[in-house]
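Colleague: From first to last, the protein sequence lines stand for chains A and B. Okay, so the first sequence: first residue is 1 according to our numbering, each after it adds one. Okay, so the second sequence: first residue is 443 according to our numbering, each after it adds one.
If you are wondering where the hints come from, they were derived from the structure by calculation, not from laboratory data. A hint or two may mislead.
Ranges between beta-carbon positions, derived for each pair [unchecked claim]:
1) B:522 to A:427: 30 to 36 Å
2) B:456 to A:219: 55 to 61 Å
3) A:13 to B:646: 24 to 30 Å
Here are the computed lysine-lysine pairs in the PhoX-like style, where the Cα-Cα straight-line distance is at most 20 Å [to be verified]:
4) A:5 to B:603
5) A:5 to A:95
6) B:759 to B:793
7) B:447 to A:161
8) A:78 to B:603
9) B:520 to B:759
10) A:45 to A:31
11) A:95 to A:15
12) A:37 to A:78
13) B:756 to B:793
14) B:474 to B:457
15) A:77 to B:631
Glycine residues also receive a C-beta, built at the ideal position from the N, C-alpha and C atoms.
2 protein chains.
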Amino acid sequence: MLNHKNMNIPESGLKRVVIIGAGFGGLQLAKKLRRDKFQVVLINKNNYHTFQPLLYQVATSGLEPDSIAHSVRTIIKKTENFYFRLAQVHRLDSKLRKVHSNIGDLSYDYLIIATGSQTNFFGNSSIERYALPMKSILEALDLRSLILQNFETALLTNDLKERERLMTFVIAGGGPTGVELAGALSELKNFILPRDYPDLDISRMNIHLIQATPCLLDGMSRASADAALDYLKKFGVNVWLNCPVKDYNGQIIYMGNGEEIESANLIWAAGVRGALIDGFEVSSIDRGRLLVDPFNRVKDYDEVFAIGDIAAMKNDKRFPNAHPMTAQPAIQQGVTLAKNLNCLAEGKKMKPFRYIDRGSMATVGRNKAVCDLPWFQFKGFFAWLIWMFIHLVNLVGFRNRMVALTNWIIQYFQYNKSVRLIIRPYHRVQPEKKEKVGLMEN
Amino acid sequence: MLNHKNMNIPESGLKRVVIIGAGFGGLQLAKKLRRDKFQVVLINKNNYHTFQPLLYQVATSGLEPDSIAHSVRTIIKKTENFYFRLAQVHRLDSKLRKVHSNIGDLSYDYLIIATGSQTNFFGNSSIERYALPMKSILEALDLRSLILQNFETALLTNDLKERERLMTFVIAGGGPTGVELAGALSELKNFILPRDYPDLDISRMNIHLIQATPCLLDGMSRASADAALDYLKKFGVNVWLNCPVKDYNGQIIYMGNGEEIESANLIWAAGVRGALIDGFEVSSIDRGRLLVDPFNRVKDYDEVFAIGDIAAMKNDKRFPNAHPMTAQPAIQQGVTLAKNLNCLAEGKKMKPFRYIDRGSMATVGRNKAVCDLPWFQFKGFFAWLIWMFIHLVNLVGFRNRMVALTNWIIQYFQYNKSVRLIIRPYHRVQPEKKEKVGLMEN
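Whole structure, please, built from the sequences with the hints as guidance.
Modeller: The following block contains the structure:
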């Protein structure tokens, strides 16, 4: 733990806005704050922004990790009164108006929590131990390595049960991440792995998607959910509805309906919760998120704001339990809060946040996507094109867009996913062994 | 250590050719052997081929690692009588005609050692401990992380000496790797880092290139060596000639001329040696390489061949100490040996290897390269274009070529190197601490 006074950031005479998190919300805010009124400090645990909607393509060898990550220092080009720090913030000290991090403390005039969300295992430590999350580039890379390692290992065994366990992939959670991941795995199964592993019977590769509720893609229209289910079934994915995952021991998945699936691979896309830092009063926290007013101000904290996944705003009738934990609310709150803070600096009144629902979409695979716009739904090839276009233009950085586009065009015509690379092997968590009796005597 | 009988590869009735290493030579051989005459088994420690000439661009944030790696299973498309195994071969047992690996033994009829080379620290364990090699994608990624971490750390200290130590990069070895790396680092210094770190005085970033002999680019023409030296000096690189690196303790580099450089970063590009496996007689080994006859057959081993960096062929008058350890001899030996083994299978006579020197080249930076063809030398913009063209067409995989081209075009016009990402932080080797006296008493 280092301790650099104020993270070596000079005093400027201006009010200091500290933003924690360079996700969709934090970036918008950092870009749009007036630098003649504020000194802006952006803190992030990585030196890059992660484009989370495409993590599943990294995990399934479709895109290289570097094309969905973009260096924060490159994104924020105007350097006047702007400071970036690579740090992990642990705790808020609102009395002293400070945050504590692994590289020292930093005082603030305004603090914005934009830390996003993290995987929620709902307190099941066994699932947390053995299942694979997919919320960061490192986790997506681990998953990519593991998928490929499984097939290399399967080649070496003649125990068909063990082979099938290695080749069975179970995804918990039928939201967009789960659906898109299941679709991408089915493309690997249908087009690519039979060429790579002619000695393995790839038809014995099983892909299961398990959803606790009666419907896939919660929050999207029934028509889109049904279409996605239909596509997945056509691609050979086993979809289980109304079926929560109860437990997992690294070998067997126990489901709510009493059935079991033998698999060495449980991918956990079943829930997220706010990535909270320590130091907030319990009264300001609602199920892992920070309660905010319509100006994104955290309840009971005058100088602290929260935006994006970590913020729970309750006044929107359409979303009484707060906005969905996706990119759109984060981006819009980042933009609105920047305007509001700029207003504050000019002595003007702040305006309450109003969420504009631009719709949502999910892709299932080649030529197949579903799209809900505010007024109508559509699906199929056109939805798939729109999905690609939207994701391309929202990717951060011209180079990343060009590289992703290059990949997608080549993949489409070659029926391929090219980055099937085990750059760093993934080391599986081994089942806990019972301690030997008499160990102390040795 | 697993033990799968013959790595789970079936007997085919054909003679089995086992190739260890999927570098330039091993790949050519695997592609060109007749599968109706041989069962071909290719073993590699990674599931991908590494395009080593561009590792320096990965280390300096110019190219993503995935664009210079290509899955072996994708490269070798014809699967009949071909087997790939991801394994690390440890030892040869020529009496039993077997190799031993981490996944089991494998018997062979013909064995081809194509294991390439590894970093040579010439027995200096302190340099081996503290210096950074750059022979693999993982090492290049570690270097990329370290370079960027250094600047993030330099921001946090006001100790100017410590800051300068972090911002000083010393490259040992003035061959193509050292020259190209020094050039790429100078581009970071001149165009990119001043924008990223406006608070740091990047003019205090020092780049040193240290060469033990009187001339850079040993083996190239004097004109090219002088031109490279000239370019590097213009770019601000401090070049030390006639100056071997004597020692390094993680803080200070001790040079042969008695001078010292304080630096936290010594990059070791000063030598390679054959990546030998155990089990060969001493009489077959020459300075870490396997002595081979003009048919690439290892001395005293009738069924074992060696190609590329690991092979030392002594009968070429132009190269009495064996061919240079570069891609060209490896590729040509791979092709020739494939023909010769195919001849052997048809009962025809083998032909001795004849190396065709196609010339060599090195790039120093933007618009600046040197190129030696057999009949003439040239340099500058045209040499730089040729360098890019040659490297692009030799990159394995259409996707990789397109992604590298996309990167290079954007870099050229934006004066940028875009993948400045610390995906996995590098953990520096800490100086060894003296053991506490009385530790056992605690």
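Colleague: Of the numbered hints stated earlier in the document, which are not met by this structure?
Modeller: Numbers 8 and 9 - these are the hints that the structure violates, sorted from lowest upward.
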